[in-house]
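> Residue-level listing of the chains:
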Amino acid sequence: MAGRHYVKFTFLKVDPAWRRRDQEARRLDKTEFAAACNDFAEDHFLRAYSLVGTRGDTDLMIRCVAPSLDPIHQLHVVLNQSGLMRYAHTPYSYLAMTKESVYSDEQQPLAPREGSDRRYLIVYPMWKRRDWYLLDDSERMRIMRGHIAVGRRYGSIEINTAYSFGLDDQEFVVSFNADDPGEFLDLVQELRGTESSAYTLSETPIFTCISSSVERALDALDGETVAAHPTAS
Amino acid sequence: MAGRHYVKFTFLKVDPAWRRRDQEARRLDKTEFAAACNDFAEDHFLRAYSLVGTRGDTDLMIRCVAPSLDPIHQLHVVLNQSGLMRYAHTPYSYLAMTKESVYSDEQQPLAPREGSDRRYLIVYPMWKRRDWYLLDDSERMRIMRGHIAVGRRYGSIEINTAYSFGLDDQEFVVSFNADDPGEFLDLVQELRGTESSAYTLSETPIFTCISSSVERALDALDGETVAAHPTAS
Amino acid sequence: MAGRHYVKFTFLKVDPAWRRRDQEARRLDKTEFAAACNDFAEDHFLRAYSLVGTRGDTDLMIRCVAPSLDPIHQLHVVLNQSGLMRYAHTPYSYLAMTKESVYSDEQQPLAPREGSDRRYLIVYPMWKRRDWYLLDDSERMRIMRGHIAVGRRYGSIEINTAYSFGLDDQEFVVSFNADDPGEFLDLVQELRGTESSAYTLSETPIFTCISSSVERALDALDGETVAAHPTAS
Amino acid sequence: MAGRHYVKFTFLKVDPAWRRRDQEARRLDKTEFAAACNDFAEDHFLRAYSLVGTRGDTDLMIRCVAPSLDPIHQLHVVLNQSGLMRYAHTPYSYLAMTKESVYSDEQQPLAPREGSDRRYLIVYPMWKRRDWYLLDDSERMRIMRGHIAVGRRYGSIEINTAYSFGLDDQEFVVSFNADDPGEFLDLVQELRGTESSAYTLSETPIFTCISSSVERALDALDGETVAAHPTAS
Amino acid sequence: MAGRHYVKFTFLKVDPAWRRRDQEARRLDKTEFAAACNDFAEDHFLRAYSLVGTRGDTDLMIRCVAPSLDPIHQLHVVLNQSGLMRYAHTPYSYLAMTKESVYSDEQQPLAPREGSDRRYLIVYPMWKRRDWYLLDDSERMRIMRGHIAVGRRYGSIEINTAYSFGLDDQEFVVSFNADDPGEFLDLVQELRGTESSAYTLSETPIFTCISSSVERALDALDGETVAAHPTAS
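Chains as they are written, first to last, in our numbering: chain V, 308 to 540; chain D, 308 to 540; chain U, 308 to 540; chain C, 308 to 540; chain Y, 308 to 540.
One chain only, chain V, in its complex shape (with noise of 0.2 Å):
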């Protein structure tokens, strides 16, 4: 199992109430949660999303990867010291873990991807029905291979899926590298017609992320920009 990695991807919500706090505290709130990040990040992969305009239900997510679910935990400890969890709550959360496709023939990398940091990042949970678990092995390699062929014919998005089997709720998270996400959307309904789509169980909610620096994606929440903040780089 070397190789693999656990993903956690933590999605954010700040209290209206932050917003009352003055611009000093708020900055210092930032500072603190940035701080967190950055001193994750120089060990570990970790990259920062803002969801404001793309969704109502939260603002701001960290994916985060790791060997082993220790620095994770600590990652989350060191964030609830920072003054912006005094005023945060967490919607939505997913962990799960990289793993070898039986499907693919291509290589599905256990790490994340070098250089594969496009403008957006759409990530959802899934779940597929309990009889695609009972097809045999050839059968449901038929139908993968054909679902697999349609997402090729869309060759800018890349696909990363992880897994939550008995981790977390849900049985995959599943997220898409893109630049535009209108060629998403035809890529995603394009795939309502194939096989394999009526197994799925369910994908939502969906999360369409604007790729950010932590830096950035707090400066969102309350439209400061980032120039203003020379400590926060």
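To be clear, the hints were calculated from the coordinates, so they are not data collected in a lab. Misleading hints may appear alongside valid ones.
Note that the list lumps identical chains together, so a pair holds whenever it fits in one copy or between two copies.
[Claimed, not checked] No more than 25 Å apart at the CA atoms, straight line, and that leaves these computed lysine to any residue pairs for SDA-like:
hint : residue 1 : residue 2
1    : Lys435    : Leu494
2    : Lys435    : Val409
3    : Lys435    : Ser408
Let chain V serve as the given structure and place chains D, U, C and Y on it in line with the hints.
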């Protein structure tokens, strides 16, 4: 894909505590919110609606359209700076995109319709059953034509279909321009008997939105009249 | 469509914090709320109900009727100005419209019944299964007549059917005037055995509402007696 | 219908903020609540239960019975005056009515059983599947007799069935007097194998309620002992 | 029934406002909470777990076991006195009981296993489909043996099955001792293909709980280190 637009429906609910603020503070809170909307509207399509009296879980809806996600994200960042958003949350939010219909032989506008600002906009997210997508194209075309034929008999009602596959939880956001909600009620009831209706998985919540200026929709929140606010023209 | 009316059911729940306000402040909060109701009732139908002791999630219901949405919107704007709405929210809200029934050969009044103010109003939203709408008209007529025949044996109970297709989440809002909820219980239990019952998709939540003046329904919120409030006659 | 009674189950959850009040204020808040219960209990049946340690979403349940809705409404109006209700809400509430059973040949008491105050009361709302009601009477009788036969082998457990059709969301509120919850667990598990079990649509949430005086149930909220409150006998 | 034990899983979530209290107040709040746990643990089994970083809706879980409900009720009464419970709620709570399995020929301990304190405890409530209970005993035995055979190939994972029929919403509370959550993920994914899996109605939410002392689980709430709290050994 030139000409396709993003459409965002943002539904707000004001915290009852906001109404405890004094009148001048509320006036300023609303002015800041309106200013953000009006800035956006200089270059883009933006409409406001009041839901006071039609729903209990949301008070106001902003519908905005842009050719990319950037201005929509920026609008919501700036709204977050307004005093109103220190006392409001977003119980519903729908992100969608315009796209040419494969069913209708009428022109389906990719940008918002001009001159269709009727008294009401009725909006709902929609999901079709998965077996719909497994029908072959001619069968789906036949069924949709029956559906469209009923709609044409209610000629004063205009439909706007937007697509959310992969961008947000729902598959479609459907909205209707209408002057008489009672006529729309009759249409929807008649559509229950069409073949296409049996393929609908979900089409709730349904929002009856009252067309309004931004300022009037804001003033409905605390019962101040528009005339009392000369700065918010 | 002359004669059809909009019907709005607005259910309120008071924040426990409201009960911490001093008695004089609460008296004023209630007076403002009652004044808005009484202004509306000068020209329109409005009834108030208490749910204290019958439900845990709502305390008070206002049922109002008007030939257009405008006065209903205006009433709720003015209610938002009252002190009570600074400490209350709206857990349930149903918008509907009267319409002639295709099933009953009895006169179904399009305006609220006169002289039917019984001690209780029992209200619920209803959805039928989609296969109901695919039955042909004569089959639906046959099934509904069996349903109606049972209802007629409970002659003291009057039914009011309102239609919400396309205006709000539910398809119907059904309400019953009754003096004896136990008799209504027997009727509903007996209806479970009718053919029509199998076509019901959902008919909850069910609200047993106690008929009341606006003032008494407000006074039930904090246990003040009506006699103590000479300004609210 | 002489002899039928209304039964109301009111479940309370105290706001954590209530525990921040000083001890004397909490003592007074509880005394007012207990006084309202004790006044009602002079003329009517009322029992209190603690759920501290058995559930996380409710702390205390009041079960009250009366031949009409009026005293139940009055009790809840007076409870709303108590200090405790300024810091509590009602996460669950069930309104029901006693009624003679058509299945059992045992006497089903229409008023609360005398002398059946066991250590625990287990309560749940229940809905049957709609196809249950389409079976003919003899078939339903046969199935229910199998169900009842299993129950009789657990002779120390008494069942109380109340009916909610048309009064509240559920169809039944079923409650059981038991001294040993483990014995009830065995009964319920064994009933899963009966034919009647397949006709159950829902029977959750399930509440294991600890019989208590009103005063002890209140004291369990903040850990004060009964002895410390001489005014609440 | 000698030897059967009650098992209670209490999941807590701290209000963000708690983190705004000063460090000394938080230290005292945690000390009181830990003292209640430690008193209980003198006579009974009690374990604590942190969920910081694995879930977003709960921070800490207490798992306690006793031969009767009384000490479990008492523990939660005393916890309610602690400062921490003035700023915390209980989003999940599961009450269950140990019981001999009819399927396994291995000894299923009725009291908590000794010496099985692995790094993680994975917990979920479970419901089986009603048709499962209508299978005859030999068929259920055959299906469960297939399920158990898969589990035995993951020998380092121990299962604890507790029964909730009639005591709480779920039918079972299943928990697993594991050192490597990735191995558990592989087991659960493989079990999806077994016949028994098709009879599962629901097995979410799934909680990955990090074994901890009470004090460490509390310190993870606000990021204080254990060493800083000499009174909480």
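> If the cut is 25 Å between Cα atoms, do lysine 435 and leucine 494 qualify within a copy, between copies, both or neither?
Intra 19 Å, inter 17 Å, cutoff 25 Å: intra and inter.
> What label fits lysine 435 with valine 409 when the C-alpha limit is 25 Å: within, between, both, or neither?
within (16 Å within a copy, 29 Å between copies)
> Within a copy, between copies, both or neither: which one fits lysine 435 and serine 408 at a CA-CA cutoff of 25 Å?
Within one copy only: 16 Å inside, 29 Å across.
In the structure shown, no violation is registered for any of the earlier numbered hints.
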